[in-house]
Amino acid sequence: MKNKTLFVVITLLIGCSTFAQSNIPEGFVAGKIILSNGAVVSGYLKDNIRKKSSIVFYNPVNKKKEILDANTLTEASFTDSKYLCLYGDFFKVITPGEHAILVKSSDASGKLYYNGVEMIINKGTDGKIDDRFEYTANTNELKPIRKKG
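Quick note: the sequence shown uses my numbering, first residue 701, plus one each step.
Keep in mind the hints are simulated off the structure, nothing from the lab.
Any given hint could turn out to be false.
[To be verified] 30 angstroms max Cα-Cα, derived DSSO-like pairs, lysine-lysine:
{"#": "1", "residue 1": "K764", "residue 2": "K843"}
{"#": "2", "residue 1": "K765", "residue 2": "K828"}
{"#": "3", "residue 1": "K764", "residue 2": "K751"}
{"#": "4", "residue 1": "K823", "residue 2": "K782"}
{"#": "5", "residue 1": "K811", "residue 2": "K792"}
{"#": "6", "residue 1": "K823", "residue 2": "K765"}
{"#": "7", "residue 1": "K746", "residue 2": "K763"}
{"#": "8", "residue 1": "K763", "residue 2": "K843"}
{"#": "9", "residue 1": "K843", "residue 2": "K751"}
{"#": "10", "residue 1": "K746", "residue 2": "K823"}
{"#": "11", "residue 1": "K752", "residue 2": "K828"}
{"#": "12", "residue 1": "K765", "residue 2": "K746"}
{"#": "13", "residue 1": "K828", "residue 2": "K811"}
{"#": "14", "residue 1": "K823", "residue 2": "K751"}
{"#": "15", "residue 1": "K764", "residue 2": "K782"}
{"#": "16", "residue 1": "K843", "residue 2": "K732"}
{"#": "17", "residue 1": "K811", "residue 2": "K843"}
{"#": "18", "residue 1": "K763", "residue 2": "K828"}
{"#": "19", "residue 1": "K823", "residue 2": "K763"}
{"#": "20", "residue 1": "K752", "residue 2": "K811"}
{"#": "21", "residue 1": "K765", "residue 2": "K782"}
{"#": "22", "residue 1": "K765", "residue 2": "K751"}
{"#": "23", "residue 1": "K751", "residue 2": "K782"}
{"#": "24", "residue 1": "K765", "residue 2": "K843"}
{"#": "25", "residue 1": "K843", "residue 2": "K752"}
{"#": "26", "residue 1": "K752", "residue 2": "K782"}
{"#": "27", "residue 1": "K732", "residue 2": "K828"}
{"#": "28", "residue 1": "K763", "residue 2": "K782"}
{"#": "29", "residue 1": "K732", "residue 2": "K746"}
{"#": "30", "residue 1": "K782", "residue 2": "K746"}
Only a predicted model underlies this, so the values are computations on that prediction, with no experimental measurement involved.
Construct the entire structure; sequences and hints are all you get.
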């Protein structure tokens, strides 16, 4: 009888832990972020890049949601897309490499953020959402790609 009871309890515990692990918040997808200090964190992301120039990150370990913008991140990857965070804006990587081709995905100009207690207004980057840029990583240079004609 003890063995049967123990088996039932263990089965219930495994079932509950499996349910808890698969309980992803609605609207979130699996992904990873690289913080500005270089730390890589995996979790679940909700895309608010175009609307609010940010993402919502859900950490499954501590079960907390956090709103992150391009000033606090270096990179975000989810749903087969990779975004570089440059000068306060998100840029989707179209062609990776030494001279990457990026598409501007957010416009953070005028957005307020804090550097400690100091409030700073983000100047943003040149161009509009969906404009293409060439990014040279070793010089950290972002140049708009001009269309001919």
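Hints and how they fare:
For the hint linking K764 to K843, the alpha-carbon distance of about 37 angstroms lies beyond 30 angstroms, and the restraint is violated. For the proposed pair K765 and K828, the alpha carbon gap of about 29 angstroms is at most 30 angstroms, so the pair holds. Among the hinted pairs, K764 with K751 is consistent with the structure: their alpha-carbon atoms are about 22 angstroms apart, no more than 30 angstroms. As the CA atoms of K823 and K782 are separated by approximately 23 angstroms, the hinted pair is consistent with the 30 angstroms bound.
Restraint check for K811 and K792: the C-alpha separation of about 20 angstroms stays at or below 30 angstroms, so the hint holds. Simply put, K823 and K765 have alpha-carbon atoms about 27 angstroms apart, close enough for the 30 angstroms limit, and the pair holds. Note on K746 and K763: the hinted pairing holds, with a Cα-Cα distance of about 14 angstroms set against a maximum of 30 angstroms. With a C-alpha separation of about 39 angstroms, the suggested pair K763 and K843 falls outside the 30 angstroms cut-off, and the hint is violated.
Distance restraint check for K843 and K751: the Cα-Cα separation of roughly 24 angstroms lies within the 30 angstroms cut-off, and the hinted pair is therefore satisfied. In summary, the hint linking K746 to K823 is supported, as the alpha carbons are separated by about 24 angstroms, within the 30 angstroms threshold. For the given pair, K752 sits about 15 angstroms from K828 by alpha-carbon distance, which is consistent with the 30 angstroms threshold. A C-alpha spacing of about 10 angstroms is found between K765 and K746, which places the hinted pair at or below 30 angstroms, so the restraint holds.
Only pairs whose Cα atoms come within 30 angstroms are accepted, and K828 paired with K811 is accepted, the gap being roughly 15 angstroms. For the hint linking K823 to K751, the alpha-carbon distance of about 17 angstroms falls within 30 angstroms, and the restraint holds. Distance check on the hinted pair: K764 and K782 sit about 23 angstroms apart at the alpha-carbon level, within 30 angstroms; holds. Note on K843 and K732: the hinted pairing holds, with a Cα-Cα distance of about 27 angstroms set against a maximum of 30 angstroms.
Proposed proximity of K811 and K843 is supported: the alpha carbons are some 22 angstroms apart, at most 30 angstroms. At most 30 angstroms may separate the alpha-carbon atoms for a hinted pair to count; K763 and K828 exceed this at roughly 35 angstroms. With a CA separation close to 33 angstroms, the supplied pair K823 and K763 exceeds the 30 angstroms bound. Taken as a hint, the K752 and K811 pair is honoured in the structure, with Cα atoms around 9 angstroms apart against an allowance of 30 angstroms.
Only pairs whose Cα atoms come within 30 angstroms are accepted, and K765 paired with K782 is accepted, the gap being roughly 21 angstroms. A threshold of 30 angstroms between alpha carbons decides the hint, and for K765 with K751 the separation of about 18 angstroms falls inside it, so the pair holds. For the given pair, K751 sits about 18 angstroms from K782 by alpha-carbon distance, which is consistent with the 30 angstroms threshold. For the proposed pair K765 and K843, the alpha carbon gap of about 34 angstroms is over 30 angstroms, so the pair is violated.
Distance hint between K843 and K752 is fulfilled; the C-alpha atoms sit about 24 angstroms from each other, no more than 30 angstroms. A C-alpha spacing of about 18 angstroms is found between K752 and K782, which places the hinted pair at or below 30 angstroms, so the restraint holds. Between K732 and K828 the alpha-carbon distance is near 26 angstroms, which keeps this suggested pair within the 30 angstroms criterion. With a C-alpha separation of about 24 angstroms, the suggested pair K763 and K782 falls inside the 30 angstroms cut-off, and the hint holds.
About 11 angstroms separates the Cα atoms of K732 and K746, which keeps this hinted pair within 30 angstroms; it holds. With a C-alpha separation of about 14 angstroms, the suggested pair K782 and K746 falls inside the 30 angstroms cut-off, and the hint holds.
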